[in-house]
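Novice: Here is what each chain is made of, one letter per residue.
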Amino acid sequence: MSAPPAPRRSLGSGQHVRVNPIACDAHGMCAELLPEQIVLDEWGYPVLGGEELPAHLIELAKQAVQACPTRALLLERRRRS
Amino acid sequence: MTSLLAVGGSPSAYWYLTRSTGAVALILLTASLALGVADVRRFATPHWPRFVIDGLHRTVSLLAVVFVALHVFASVLDGFAAISITAAVIPFISSYRPIWLGLGALSFDLLLALVITSMLRGRISQRVWRVTHWAAYACWPIALVHSFGTGSDARSAWLLLLSVACIAVVALAVISRALPEFSEHPRLNTAALGGVAAFALFLIVWLPSGPLAKDWASRAGTPASLLGHSHASSAASSSASSGAENRTAGTSEEER
Amino acid sequence: MSAHAFAPPASLPRLLAGVPPTGAMSLPDHLATHGELPRLGRGSRRKTHPLIAEIEQAGLRGRGGGSFSSAAKMRAVTAARGERGLAAWAARPIVVVNAAEGEPGSLKDRTLLEAIPHLVLDGAAAAAEAVGAEEIVVCVCEIAQHAHESVERAIAERARAGGERSRWHLARVPVGYVTGQESALVSFLNGGEAKPTFTPPMPFERGVRQRPTLVNNPETLAHVALIARHGAGWFRMLGTPEQPGSALITLGGHVASPGVYEVEHGSSFVSLIEAAGGVTDEVRALLVGGYAGSWVDASHAGSLTLCDAELAAYGAKLGTGVIIVLGASSCGLAETARVTRWLAQESAHQCGPCKFGLDGLARTLEGAIAGVADLPDPDHRRRLAHLMSLVRGRGACSHPDGTVRFVGSAVEVFAPELADHIVHGRCAGCEEAGALPLPADRPPRMTLDARTYGGVRRRMRVEPASRATPMHMHGTAAGRARPDGAK
Chain L
4 MSAPPAPRRS LGSGQHVRVN PIACDAHGMC AELLPEQIVL DEWGYPVLGG
54 EELPAHLIEL AKQAVQACPT RALLLERRRR S
Chain R
481 MTSLLAVGGS PSAYWYLTRS TGAVALILLT ASLALGVADV RRFATPHWPR
531 FVIDGLHRTV SLLAVVFVAL HVFASVLDGF AAISITAAVI PFISSYRPIW
581 LGLGALSFDL LLALVITSML RGRISQRVWR VTHWAAYACW PIALVHSFGT
631 GSDARSAWLL LLSVACIAVV ALAVISRALP EFSEHPRLNT AALGGVAAFA
681 LFLIVWLPSG PLAKDWASRA GTPASLLGHS HASSAASSSA SSGAENRTAG
731 TSEEER
Chain B
286 MSAHAFAPPA SLPRLLAGVP PTGAMSLPDH LATHGELPRL GRGSRRKTHP
336 LIAEIEQAGL RGRGGGSFSS AAKMRAVTAA RGERGLAAWA ARPIVVVNAA
386 EGEPGSLKDR TLLEAIPHLV LDGAAAAAEA VGAEEIVVCV CEIAQHAHES
436 VERAIAERAR AGGERSRWHL ARVPVGYVTG QESALVSFLN GGEAKPTFTP
486 PMPFERGVRQ RPTLVNNPET LAHVALIARH GAGWFRMLGT PEQPGSALIT
536 LGGHVASPGV YEVEHGSSFV SLIEAAGGVT DEVRALLVGG YAGSWVDASH
586 AGSLTLCDAE LAAYGAKLGT GVIIVLGASS CGLAETARVT RWLAQESAHQ
636 CGPCKFGLDG LARTLEGAIA GVADLPDPDH RRRLAHLMSL VRGRGACSHP
686 DGTVRFVGSA VEVFAPELAD HIVHGRCAGC EEAGALPLPA DRPPRMTLDA
736 RTYGGVRRRM RVEPASRATP MHMHGTAAGR ARPDGAK
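Chains as they are written, first to last, in our numbering: chain L, 4 to 84; chain R, 481 to 736; chain B, 286 to 772.
Please keep in mind that the hints were generated in silico from the structure rather than gathered at the bench.
There could be a bad hint or two in this list.
[Stated by the list, open to error] Facing chain L, a subset of chain B residues (Cβ under 10 Å, in silico):
no.: 1; residue: Trp374
no.: 2; residue: Lys480
no.: 3; residue: Ala633
no.: 4; residue: Cys636
no.: 5; residue: Gly637
no.: 6; residue: Pro638
no.: 7; residue: Cys639
no.: 8; residue: Lys640
no.: 9; residue: Gly642
no.: 10; residue: Leu675
The beta carbon of each residue, even a glycine, is placed where N, CA and C say it ideally should be.
This is chain L alone, in the form it adopts within the complex (with noise of 0.2 Å):
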């Protein structure tokens, strides 16, 4: 179970969605506004590809971060610790 792979064309945005996994409570509203990047597994938690997000999808992303009931999706920028 793999999210797609992101289009190679698309100007990358330098920032990434990392999900907090202690805060995530399974809620799913991140893969229904990501599906590019985010699947679920079988019970319910998101798979991140862990991709820079290409522009495009920023204000989804943004939207997702936003919709996720325990703050657990975050959007940060490349530099992981």
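Fit chains R and B to the supplied structure of chain L, relying on the hints for placement.
Specialist: Same frame as chain L, now just chains R and B:
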């Protein structure tokens, strides 16, 4: 404010505003509770995905706050019973029907706590949010009892019908919340179902001898100076347009 | 550095030098064996402290399982501390000695604290100086009664001797596999539960009381204590260029003398077995790295060397230094299933993929052993592979990843057993499963009311003390036996 009341003899706009916003607030609170239960039960169909149910729940709740705020302002501006803005927020300190009005203030406070903690969700601990959100189940019956206790509209048919419909929706919502998880948290869910039954019983017993009785106004704590209008109020409450001959200076309206 | 009355030994034993057969090495004995701890002055934010530079040159890596560069960690803590004034005061670093040792097969940390506490405390004090910390918290598992008492006595000894700059605290931490995880430990010390937290921020940025926190394994600090005395060049006289120095291995399973051994990195596994008196059964497989480690087939044992670079060829690394020898009389699959079930129970149950995934892995393994088809996928191997891909990397800590490594290697190494069990069900070895140690004497995962080490005491349940398993300690290079009196 009093000039508005003295003009003409019909109930002031604020009285209508108070009643109507109160009724709409009740409908919105009912809808919010039902949507909240649908949300936590992970209800979804292809046309009503999860984020729509959740988004609606949030929006309806905010709308409910708006209407309750309008309801409060209208009742304050409607100078008949001299309700101060503080009495609308701090429970049980008003001179007018302190208990029943106070319940409304209490319900409003709970609603504010719900909305504020939800806005701060992510910054406060999950446990704090969850416990506060359970207060929603208390907020609704308190608001309903407030509407029966405070308003003279209690005996009007349309409001009774509306209340019954809302009670039915809430009862269904609570039952569908409690039953599926009954085996996991038996005590909590027994309490929830028991609460529904107890509340229904309470209404059945209390309403006929309480708000639906003719002398409710005086028993509810209406100040004596305003009680002279109680006769007129019972006639006025049946329909909005028959107010003219029943009006005296200061009017007989009692807010919801 | 003060002159020593003796030349530091180039060979083993190093950490275990002068270990008494019973009880703890006293402070005078410790000083006689190792010499005084040199005082290198307080570290500052701008200039690299000489000890950190020495540790970097020595190439010391953490011994708590993560193998993170110790110098890099200390640098990170130093960088995170405040510069001047109020900021400096508010962000003074803290050193935490992580002796939680939740890995059931590991005894080395408790051994160090019970037998040679001063070496560990020296290391902690030196590290504290280097990063500019004034407080040190020693965290011991709540049921490691003897280790706790030993550290208490050692701290008191040092206080009587005087000259200590740091303030010592002793904290009892709950039993649990994930308790020793850095963020879990920090969370507990901050008054919360001993469960991992979401990072960032990392403990070295904001940890105990929101201050930069250096969390180190006791063995790592023991090495630091010796590097502070003898230098990086001495440290590198043993071991390999990529993995210098010595390490403590807890050897268990079907060997004549299980226990804690100090070995040189790069020495042969066979020499370790010889030092342990040989195996007591025909060997089927080795578990390297504990329950977050990997199984290695016995056929490779002959050529196995104790260094990560070589072990990587078999998908293994030393990690916490736990090596368990599995005899042919045991069923590797049953042992793996039993431990996987335990690992699933030990999950903090905070993250869905770990909570459900580990349980799924355990159930599938149990089903495979019993020859029962596991729904939703009757093909056990495919189901296991699927679950492992779903679990890996999706938790807040590395617990699920470790379990995936453990199960994945088991599926590979015990492939014949797996095929056999699916068809025929349980085998003779399944009935006697118990070769891999689990804390049977420990209560199952429990939550303890937090006790903030700062002295605010809250309601605590104190477990009855359990005797630490008597261990055999050989302070020699694997291969050269020395009469031991520690039976």
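Novice: With chain L as the partner, please determine if alanine 633 (chain B) meets the hint condition of a C-beta pair closer than 10 Å.
Specialist: At about 9 Å, which falls below the 10 Å cut-off, the nearest Cβ of chain L leaves the hint on alanine 633 (chain B) intact, so it holds.
Novice: With a cut-off of 10 Å on the beta carbons, see whether lysine 480 (chain B) makes it to chain L.
Specialist: 8 Å, holds
Novice: Under 10 Å is the threshold here; is the Cβ of cysteine 636 (chain B) close enough to any Cβ of chain L for the hint to stand?
Specialist: With Cβ-Cβ at 4 Å, under 10 Å, it holds.
Novice: Go through the hint on tryptophan 374 (chain B) and say holds or violated, using the shortest Cβ distance to chain L against 10 Å.
Specialist: 26 Å, violated
Novice: Leucine 675 (chain B) was flagged as interface toward chain L. Is the shortest Cβ-Cβ separation under 10 Å?
Specialist: With a minimum Cβ separation of about 5 Å from chain L (threshold 10 Å), the hint on leucine 675 (chain B) holds.
Novice: Against chain L, run the beta carbon of glycine 642 (chain B) and see if the smallest gap drops under 10 Å.
Specialist: Constraint on glycine 642 (chain B) satisfied, holds at 8 Å.
Novice: Checking hints one by one. Is cysteine 639 (chain B) an interface residue toward chain L, by the C-beta closer than 10 Å rule?
Specialist: 8 Å, holds
Novice: Holds or violated: the hint that lysine 640 (chain B) contacts chain L, with Cβ atoms closer than 10 Å.
Specialist: Result: holds, 8 Å to nearest chain L Cβ.
Novice: Measuring from the C-beta of proline 638 (chain B) to each C-beta in chain L, is the shortest one below 10 Å?
Specialist: 6 Å, holds
Novice: Do the numbers back the hint for glycine 637 (chain B), that is, is its least Cβ distance to chain L under 10 Å?
Specialist: Holds, about 4 Å.
Of the numbered hints given earlier, the model fails hint 1 alone.
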